[in-house]
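Kindly produce the complete structure, drawing on both the sequences and the hints.
Below, each chain spelled out in residue letters.
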Amino acid sequence: MTNVPVSRIRNFSIIAHIDHGKSTLADRLLQDTGTVSNREMKEQFLDNMELERERGITIKLQAARMNYTALDGQEYVLNLIDTPGHVDFSYEVSRSLLACEGALLVVDASQGVEAQTLANVYLALESNLEIIPVLNKIDLPGAEPERVRAEIEEIIGLDCSGAILTSAKQGIGIQEILESVVLLVPPPRDTIDEPLRALIFDSYYDSYRGVIVYFRVMDGSVKRGDKVRLMASGKEYVIDELGILSPTQIEVDELHAGEVGYFAASIKAVGDARVGDTITLVSKPAAKPLDGYAEAKPMVFCGLFPTDADQYPELREALDKLRLNDAALQYEPETSSAMGFGFRCGFLGLLHMEIVQERLEREYDLDLITTAPSVVYRVTDNHGTQSYIDNPSTLPDPNHRQKIEEPYVKLEMITPEEYVGTLMELCQNRRGEFKDMKYLTKGRTTVIYEMPLAEVVTDFFDRMKSNTRGYASMEYQPIGYRENNLVKLDLMINGDPVDALAMIVHRDKAYNVGRAMTEKLKELIPRHQFKVPIQAAIGSKIIASENIPALRKDVLAKCYGGDISRKKKLLQKQAKGKKRMKSVGTVDVPQEAFMAVLKLNKDT
Amino acid sequence: MTLTASDAHIIPHDSSATWLPTAAYIHIPFCRRRCYYCDFPVFVVGDRHNGASSGNIQLYIERLATEIANQINYHRPLETIFFGGGTPSLLTVAQLGQILDLLAAKFGIANDAEISMEIDPGTFDLAQLQGYLQAGVNRVSIGVQAFQDNLLQLCGRSHTVGDIYAAVDLIQQGGVTNWSLDLISGLPQQSIENWVASLESAIALKPHHISCYDLIVEAQTPFAKQYQPGDKPLPSDETTAQMYRTAQQILSGAGYAHYEISNYAKPGSQCRHNLTYWQNRPYYAFGMGAASNLENYRFTRPRKTQEYYQWIADGCNWRVDLTPAADRFLETLMLGLRLSRGVSLKSIESEFGIDRVNSLLKCLQRDRDRGWVEIVIVNDGNSRSERLCQRYLRLSDPEGLLFSNVVLTEIFSQEF
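Residue numbers (the working numbering), protein chains in the order written: chain A, 1 to 604; chain B, 1 to 416.
For the record, the hints were derived by calculation from the structure and aren't laboratory data. Glycine is no exception: its CB is placed at the ideal position from the N, C-alpha and C atoms. Any given hint could be a false lead.
Beta-carbon label-pair distances, calculated as ranges [what the hints assert, rightly or not]: (1) B/Glu-415 to A/Thr-586: 21 to 29 Å; (2) A/Ala-309 to B/Val-320: 46 to 54 Å; (3) A/Pro-313 to B/Lys-362: 45 to 53 Å; (4) B/Glu-415 to A/Thr-248: 56 to 64 Å; (5) A/Asp-365 to B/Lys-304: 36 to 44 Å; (6) B/Val-376 to A/Glu-317: 45 to 53 Å; (7) B/Lys-304 to A/Glu-317: 46 to 54 Å.
Sample of chain A residues with no beta-carbon within 10 Å of chain B, all distances over it, derived [what the hints assert, rightly or not]: (8) Thr-33; (9) Thr-191; (10) Ile-192; (11) Ser-221; (12) Lys-288; (13) Gln-428; (14) Ile-448; (15) Asn-485; (16) His-506; (17) Asp-554; (18) Ala-557; (19) Leu-571; (20) Gln-572.
Cut-off 25 Å, straight-line C-alpha distance, at most; resulting in silico cross-link-like pairs (SDA-like, lysine to any residue) [said to hold, decoys possible]: (21) A/Lys-558 to B/Asp-101; (22) A/Lys-573 to B/Val-357; (23) A/Lys-558 to B/Asp-327; (24) A/Lys-567 to B/Gln-270; (25) A/Lys-558 to B/Gly-175; (26) A/Lys-567 to B/Lys-266; (27) A/Lys-576 to B/Phe-299; (28) A/Lys-569 to B/Asn-178; (29) A/Lys-573 to B/Phe-40; (30) A/Lys-288 to A/Val-6; (31) A/Lys-567 to B/Arg-368; (32) A/Lys-573 to B/Asn-405; (33) A/Lys-567 to B/Arg-328; (34) A/Lys-578 to B/Glu-218; (35) A/Lys-567 to B/Gln-130; (36) A/Lys-558 to B/Asn-178; (37) A/Lys-567 to B/Asn-178.
Here is the structure:
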């Protein structure tokens with residue numbers, strides 16, 4: 001028993017844009033409440049994946065329970081529930097917000113509100129959370145708390161007169177935050193006597209104990225040894241281990257309404273205990289689950305192929321293992337004439353895709369070739385039957401289909417005023433439809449477009465960042481399918497169509513994309529001992545072509561004075577590049593070529 | 001000097017003759033100017049080098065002496081010595097003699113040793129040349145590069161065609177019995193006709209040995225800033241490949257055997273020192289930027305003067321990176337396949353094992369099919385049985401040699 005009265009529990013999360021100091025602030029809170037001693041303190045305690053630390057972002061959320069004696073002399077339990085900071089994971093964000101009664105809105109006082117922050121604040125407002133504005137990094141010379149305060153008031157309509165000024169780095173304002181959480185965040189409803197309902201807001205796979213489920217008890221209470229049912233999956237488990245996160249796991253016997261904790265129950269994969277599912281007792285089940293459960297749907301697909309065909313079984317094993325821990329990851333076997341055996345994988349978004357690829361290469365030591373990302377098209381055949389196509393090479397021929405529809409998103413960007421023009425041009429080039437523009441505060445503008453998702457997943461984010469010198473931020477929401485004049489563009493290398501390079505593009509852009517692709521492939525594919533034609537075609541019509549001239553020689557004339565180290569390095573580098581190539585007929589194609597569409601120089 | 005107890009352990013009990021170094025490379029990093037294609041460690045002393053630069057050279061030789069003194073002695077007399085640069089002919093006879101005396105005192109020099117020296121037109125006179133010969137030099141290699149004044153100027157050479165002929169006159173007057181001449185193909189504005197003319201001019205001078213280097217545009221040289229390989233005014237790859245084939249035809253026709261990717265020699269005049277490198281045998285090296293290969297440690301000395309001097313002051317440690325067996329196998333092939341004779345399958349089998357040889361032959365099947373790689377039987381020994389055993393793996397001339405990097409990349413991408 002943890003024995004804390006519901007009235008003295010506060011559950012809150014931190015909403016912040018990447019780099020605005022969320023992790024540093026979380027670290028401070030843990031330190032100042034004595035939850036983690038200075039000695040134990042690793043930088044940014046909550047981000048515990050290597051990858052997260054490197055990128056300075058949070059992917060998987062974590063939680064921490066802190067004991068805090070407030071100025072009123074009472075001891076409170078503060079549960080900080082961390083949220084992932086990226087648009088790909090907005091469903092997970094919404095679930096973790098639902099586990100809270102309040103949120104700290106942390107905004108960098110030298111920068112201002114960003115699109116992603118805004119999206120998460122709206123989610124928090126929808127869940128009726130008490131929002132406490134915090135202006136961070138006030139110690140920086142460029143800090144403008146007044147401007148940012150006005151900006152928050154204007155954009156979000158949130159009273160910022162009481163905004164807390166902090167510097168998490170310098171430890172300024174931490175006490176004030178803790179007091180505000182106690183005073184302003186409402187305690188959970190005391191529903192200890194109702195049937196158990198607990199919300200899963202995260203889970204991860206542990207190879208010894210099975211899935212570790214992070215949850216918030218909304219109603220009732222739960223004990224070790226209880227037999228529980230997950231209401232969406234219908235599966236039942238006996239709780240072997242129950243505990244709190246402080247932030248390391250500490251076992252307890254019972255948790256009740258308002259508390260946050262974890263349990264282990266020999267669950268085999270995170271897909272069996274999905275985020276958003278409701279836990280109840282088998283012996284005394286709740287009448288209905290908590291609202292809003294949804295299964296995360298992959299939005300972006302790509303082919304993953306081992307560079308070395310022998311690694312296919314290892315790739316399968318690695319994906320199986322990753323899925324234990326990533327319910328959103330989807331994959332099925334795919335065979336490509338260029339790449340051999342691999343998997344077609346579905347991801348929540350581009351970041352999710354990158355993370356999975358990187359983990360496969362880093363943690364499982366696989367060498368992978370990735371095809372360019374694709375979205376899911378809805379194709380209607382001549383009989384009116386709809387099907388979903390996530391792989392351009394499987395698109396039915398034009399005479400076997402009635403129409404192709406593609407997913408659209410509503411794209412919201414926040415940018416300094418001077419970049420509005422270039423941003424609109426970018427969106428226009430990406431087949432965006434202008435919807436709205438608002439001047440938020442002096443020099444800050446929000447621009448809203450509706451755009452095919454396919455245009456967003458091909459390096460839109462990087463382009464937006466570079467066109468606005470990193471100042472703009474963006475966020476998008478799916479808004480359904482729309483019919484367009486789409487065609488399949490085939491790329492042929494030395495006369496062989498390469499399935500892994502096929503793409504679905506708008507007819508109006510096909511010529512430009514085809515030309516840019518052939519030019520890029522010419523640049524990326526090394527010269528061979530014969531001339532290699534590169535062609536782009538729609539059906540049987542060639543719309544662009546290039547030739548890679550034949551290699552006439554490749555010889556190193558001299559080894560200087562017996563110094564062979566440089567030549568050896570050169571050969572090793574070339575050999576490494578060669579290993580990562582795939583043969584298309586008799587042509588060696590480097591792995592970058594399969595992502596060429598993301599590297600087209602001009603805006604196409 | 002005798003082998004000390006601490007040295008003894010590094011010599012294996014079964015030490016074979018080929019394990020012990022008998023070759024020494026000496027780097028003389030001084031030049032009158034830096035040629036536009038050159039990225040060697042050199043120290044520019046100006047067209048008329050004066051007392052101050054002499055002081056620099058003297059200091060360098062003192063440091064070199066320290067390095068030689070510090071070197072472990074494997075007690076085999078040197079069979080080849082090579083003074084490379086830079087421009088070794090900027091040394092006085094006394095300086096050159098001093099270095100040779102040090103080497104002789106330390107290691108001994110075999111009676112029939114090959115002692116080579118690179119010289120540049122316009123940097124020496126007859127007396128100087130005869131002095132070098134008296135000191136022991138018996139082979140010179142002259143940096144000609146081209147027989148067209150405009151081409152020489154474009155690559156920043158400090159001499160003219162007139163200087164070349166004057167230098168060759170001195171070589172002939174001085175009674176040099178073995179000499180070589182360097183040419184470069186692929187220079188800016190060079191045409192096939194220019195190249196043929198250079199080859200014919202070279203042959204007319206009757207050197208014993210000719211090196212033809214296809215220009216490499218090295219990063220960080222003036223050429224790298226000015227030119228893009230394959231783009232004008234550099235000749236196209238197609239043209240330089242043609243220059244390579246032309247050299248092979250013309251020089252073979254004139255009695256020069258193509259014995260290495262870039263080297264041609266009259267019978268009996270192959271450069272014995274350079275063969276040490278290509279046969280992956282050990283060698284000493286002394287001097288700034290010089291690379292040695294001892295006890296399977298390859299080591300390149302610091303390429304900057306002060307760092308090199310510091311390295312000497314710190315005790316001349318070259319046991320830094322031990323070359324693993326798998327890498328030695330690759331090095332043996334990378335070097336041995338430069339030779340038109342190729343590598344002996346028997347000797348790589350005995351050194352690296354039959355499995356490696358088998359997987360090597362397997363991965364080269366495609367290159368054998370397209371005629372770049374050949375396996376030939378070479379009459380090496382006298383007995384019939386030995387002859388049967390001497391199978392050599394080699395690149396075909398000229399096509400296999402022209403694409404040697406493609407073949408080597410194939411080899412390097414295998415796991416051995």
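Next on the checklist: Of the numbered hints stated earlier in the document, which are not met by this structure?
Outcome noted: Per hint list: 2, 3, 4, 17, 18, 19, 20, 21, 25, 26, 28, 35 and 37 violated.
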